[in-house]
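> Kindly produce the complete structure, drawing on both the sequences and the hints.
Those sequence lines, one after another, are chains A and B. Just remember that this note's numbering sits 237 ahead of the position in the first sequence, which is counted from 1. Just remember that this note's numbering sits 237 ahead of the position in the second sequence, which is counted from 1.
Calculated directly from the structure, the hints in this document are not laboratory data. Source: prediction; values computed, not measured. It is possible that some hints are incorrect.
Straight-line alpha carbon distances no greater than 30 Å define the calculated DSS-like cross-link-like pairs of lysine-lysine that follow [to be verified]:
| id | chain 1 | residue 1 | chain 2 | residue 2 |
| --- | --- | --- | --- | --- |
| 1 | B | Lys376 | A | Lys513 |
| 2 | A | Lys511 | B | Lys376 |
| 3 | A | Lys376 | B | Lys511 |
| 4 | A | Lys376 | B | Lys513 |
Non-contacting residues of chain B with respect to chain A, defined by C-beta distances greater than 12 Å in every case (computed) [said to hold, decoys possible]:
| id | residue |
| --- | --- |
| 5 | Ala347 |
| 6 | Ile434 |
| 7 | Glu458 |
| 8 | Lys511 |
Computed from the model, here is a short list of chain B residues facing chain A with C-beta under 8 Å [what the hints assert, rightly or not]:
| id | residue |
| --- | --- |
| 9 | Lys281 |
| 10 | Pro379 |
| 11 | Leu380 |
| 12 | Pro383 |
| 13 | Leu384 |
| 14 | Glu387 |
| 15 | Val394 |
| 16 | Gln397 |
We treat Cβ as the ideally placed atom computed from N, Cα and C, and that holds for glycine.
Chain by chain, the residues run as shown.
Number of protein chains: 2
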Amino acid sequence: MMLPRIGVFDSGVGGLTVLKAMAEQIPAHYFYFGDTARLPYGTKSAETVARYAIGATRFLEAQNIDLLVIACNTATALALPLIKEAAHVPVVGVVEPGAAMAAEVSTQRAVIVIATEATVSSHAYRDALQRHGLEAYEKACPLLVPLVEEGWTEHPVTEQVARIYLGEAMAQAPGHADVLVLACTHYPLLAPTLHRILPVQMQIVDSAESTARAVRQMLREKSGCHPERSEVTSATERSRKPALSLSKGNPLPEGGPPSEHRTFRFYVTDSVDKFKRLAARFLGRQVDNVEHVDLGG
Amino acid sequence: MMLPRIGVFDSGVGGLTVLKAMAEQIPAHYFYFGDTARLPYGTKSAETVARYAIGATRFLEAQNIDLLVIACNTATALALPLIKEAAHVPVVGVVEPGAAMAAEVSTQRAVIVIATEATVSSHAYRDALQRHGLEAYEKACPLLVPLVEEGWTEHPVTEQVARIYLGEAMAQAPGHADVLVLACTHYPLLAPTLHRILPVQMQIVDSAESTARAVRQMLREKSGCHPERSEVTSATERSRKPALSLSKGNPLPEGGPPSEHRTFRFYVTDSVDKFKRLAARFLGRQVDNVEHVDLGG
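See the structure below:
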């Protein structure tokens, strides 16, 4: 069995929530690129973000990926069409899968979207949700990312901040909103806190889970069956170097079918140590295969 | 009377606390450059920070400044010698003035330094304080900048966060520490909150006030008298364009001596509107003369 090779691109560590959700659902080799030296993307122009993202795309394509996931809300919101145009593999962003899942879940056709300031300003979620016939109220929550990165995911301060933000959002959103979209890849780590605060009738949709579902669906369509049992072929396959020589990470459970072990490789443009420290928090386990790369700029 | 022309460089808005402290003490024309498109500098290498800072230095020198203030802790900590080497005007950083003032104020010869993670990792303050014979305990407070930028300077959440950070710092610092150094240009906005929390015997030294004092001192030495009454001359003076045609900002009080009105000009590499919004919070008044500039990269 040949596992698919999935590239995951983010400006930093947030995309690890998307990686985690995919890894739980899709056996694959994963190549994660975190552009940690140039984050945050939120303050940068669409042209600059596209240039950075396309540089990362080239790097990941050189790892012979079959599919590229843009696990970064800003890059998706500002540059997805340009990335798709530049890429030689199928590309999945995080916005449309989140909007599609919100559309499935919401019976009231009204949702609240919480995100960073940059994502809210882009209105990418509002537009995507409108295409699904949903009314959206977007609320910027700039303190939540720093709180997650500080490791205060289960902390009274974070709960208090979340109460303030959600209180403001619910005061202004349509009263019948029944879904909260977590439109930032850091926020899934706050889901337990948010569940405690939200009215019981409100459901949470997060971009990590919904993107993992979209990727699984795409692989299934590509192969005509479940990716778990599929052989994904691609134009780059002939030139592949063996992955096993570099393999660490999770082997499949003992007693399973003889198969290629899946591997996880991480590439970052800034400090490897800082990435490892944060990654452990996001993935719930230590990561080893982290390499520093320099794409210039 | 010819006012001195002072360039102020920061990665963003934090340096405005330094500008404010200087403007209260030193009549001058101020040229503020905020590299908002490339912040934060804290995660970047010394070489990259130096390259950005030198680009900004060139830009400010083209405004015929007499003196350059590096109002950014990271740029000072990582790149001050390189900036000094590249500049054609005298350069003042924020670290040494803060350390010098702490050395004057502390009777116990032991201080606590609070700063961003990047500044703490550089140990620039610890080293500067040691040169003054002071023992220093450095504590990173990553949530304080986002809290200030969210505008929560007088907010129960901020007080709670500050209590946690200072509690941790005081538990580990030498028991006789009698000065708290605010080693981040955002923190002066939190001084009232910090004063409420600190033991009464602890004094606060901030880099804005101390840098303003160092600049006043430097201008005084340069001119042999108070800058308020001085004429600062420089090599660039012959080529100066008249500043008054662009003048807005604070005229001197009515009834004062006939003099050139001081002016404030702001240059930013990212959104002008976002800078204006944050600047109003830092300066306590609206700013008008904000221009977008693009230095590439």
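> Decide, hint by hint, whether the structure agrees.
How the hints compare with the structure:
1. B:Lys376 <-> A:Lys513: holds (21 Å)
2. A:Lys511 <-> B:Lys376: holds (17 Å)
3. A:Lys376 <-> B:Lys511: holds (17 Å)
4. A:Lys376 <-> B:Lys513: holds (21 Å)
5. Ala347: For alanine 347 (chain B), whose nearest Cβ neighbour in chain A is about 27 Å away, the distance exceeds 12 Å, so it holds.
6. Ile434: With a cut-off of 12 Å, isoleucine 434 (chain B) remains clear of chain A, as the shortest Cβ separation is near 15 Å.
7. Glu458: Given a closest Cβ separation of 39 Å, the condition holds.
8. Lys511: violated (8 Å)
9. Lys281: Since chain A brings a Cβ to about 6 Å from lysine 281 (chain B), closer than 8 Å, the hint holds.
10. Pro379: The hint holds - proline 379 (chain B) has a Cβ within 8 Å of chain A, the shortest such distance being about 6 Å.
11. Leu380: Check passed: Cβ of leucine 380 (chain B) comes within 5 Å of chain A, closer than 8 Å.
12. Pro383: holds (4 Å)
13. Leu384: holds (7 Å)
14. Glu387: holds (6 Å)
15. Val394: holds (6 Å)
16. Gln397: The hint holds - glutamine 397 (chain B) has a Cβ within 8 Å of chain A, the shortest such distance being about 6 Å.
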